Amino acid sequence: MATPVNSPMVGKLISVDVKVGDQVKENDPVATIEAMKMYVKIYAPASGVVKEIKANPGDVVNPDTVILTLE
Amino acid sequence: MLEQLTETINSTGLLSLTPGNLIMWAVAFGLMYLAIKKGVEPLLLVPISFGIFAANFPLTGLMEPGGLYYMFFHNGIQNELIPPLIFLGLGAMTDFGPVIANPKTLLLGAAAQLGVYAAFFTALLFGFNIAEAATIGIIGGADGPTTIFLSANLAPHLMGAVSVAAYSYMALVPLIIPPVAKLLTTPRERAMVMKQMRPVSKGEKILFPLLASLVIILLVPKSAPLIAMFMLGNLFMESGVVQRLTDVSRNELMNIVTIFLGLGVGATMSAETFLKPQTIYIFILGIVAFAFAAAGGIMIAKIMNLFTTNKVNPLIGAAGVSAVPMAARVVHQLGAEANPQNYLLMHAMGPNVAGVIGTAVAAGAFITAIH
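In order, the protein sequence lines correspond to chains U and Z. Residues 1 to 71 in the numbering used here are what the first sequence lists, from first letter to last. Residues 1001 to 1371 in the numbering used here are what the second sequence lists, from first letter to last.
With the rest of the complex left out, here is chain U:
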């Protein structure tokens, strides 16, 4: 089952800090967004392997945007 990692709030995606195939544990930082002039780290909601990266740095992301998926 793939777990989507969504942006928790509206912001600009600064970087995706993992690559496809990386093994991540729950609460590992996987991406950084900028909101209210602050860099906010996004942490993995579950452990798994990065399956697909769906957003690019510079994109405006909102809570419906899937940044990447874990499997």
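Derived from the structure by calculation, the hints contain no laboratory data. These numbers come from a predicted model, not from an experiment. Take the hints with a grain of salt, since some may be wrong.
As the list claims (entries may be wrong) - Computed, partial: chain Z to chain U, Cβ under 10 Å:
{"id": "1", "residue": "G1097"}
{"id": "2", "residue": "Q1196"}
{"id": "3", "residue": "P1325"}
{"id": "4", "residue": "A1328"}
{"id": "5", "residue": "R1329"}
{"id": "6", "residue": "H1332"}
The C-beta atom is built at its ideal place from N, Cα and C for all residues, glycine as well.
Fit chain Z to the known structure of chain U by using the hints.
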């Protein structure tokens, strides 16, 4: 010959320098160091500290009626022109979305004004008169322009001290809020994840500044100069049709008046008005005000949770001290520390911007009650 020489020497500032001037220069250099080396509110403290430095040269006439700094101070600050202009720019930067999505957060912004009143009553006990105590209390709102606005209205002789106290403590928000917040909440409360906010429509965002003006200015008419400009700036931004006015309000105009504000405030800090035991009390009371403001917001958030089903993380109450968006960032970090999956930033922006309005209203209420 000798007479002429003495006259020349006397016309220089050298012999008229007082020890007080030298101490004020030390204060100015201290603030300059903090601003330039430590990055403490540099946009304000650089002009303020240079204003202090320049105003403490003898014989310049800078702060006498007609003098250059006097004009900045008298026309810009004493006549209450600049703080409302800054509010115009702030309005054009403020997103009321989080407040509209979760109107309960307005209450939390109001709750943080408890700090204002706590410091007000403590200042009365310290022997300040009512007008002075109100000016000191408003430091707790963590809002620079409002503090200067109220001080110009009620106690101009305290302006230098209260504004420097307000700006320095705002820079210290990341140090003041965490211990207060940790004392009043359990790790479990801090870890609480809040429900995703509903999206807010453009129509709502355009209506908000109009409705908010209606309610606030009718209830507290004396808050009008600040609130009316704040809401106008917000309408500029949300209407989406006056991009040029929005940009100039939040960039160029704001930058220009910031220079006059900083110099004017700095220039009020002459040795005679600043070097008094009062100033030390103001700094002590200022931090009391900040701590109580953060505590007030948290406690009201906890009480609110007893009665509502859609609970809030009590930490966001601490963002009710205005200091936008610093207080909200600090709250976000505290939440993430307790639980990495906890993203409080946007939720905390609600009480944060409500705190700006709350402080302006508190200032209006003080003016109504005391004038």
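Right, here's what the structure says about each hint:
Residue-level restraint check for G1097 of chain Z holds (minimum Cβ-Cβ distance to chain U is 9 Å; threshold 10 Å). Because the smallest distance between the Cβ of Q1196 of chain Z and any Cβ of chain U comes to about 6 Å, under 10 Å, the interface hint for this residue holds. The beta carbon of P1325 of chain Z comes within 5 Å of a beta carbon in chain U, closer than 10 Å, and the hint placing it at the interface holds. The closest approach between the C-beta of A1328 of chain Z and any C-beta of chain U is roughly 7 Å, which is under the 10 Å cut-off, so the hint is satisfied.
Look at R1329 of chain Z: its Cβ gets to within about 5 Å of chain U, closer than 10 Å, so that hint holds up. Contact between H1332 of chain Z and chain U, as hinted, is supported at the beta carbon level, the nearest pair being about 7 Å apart and thus within 10 Å.
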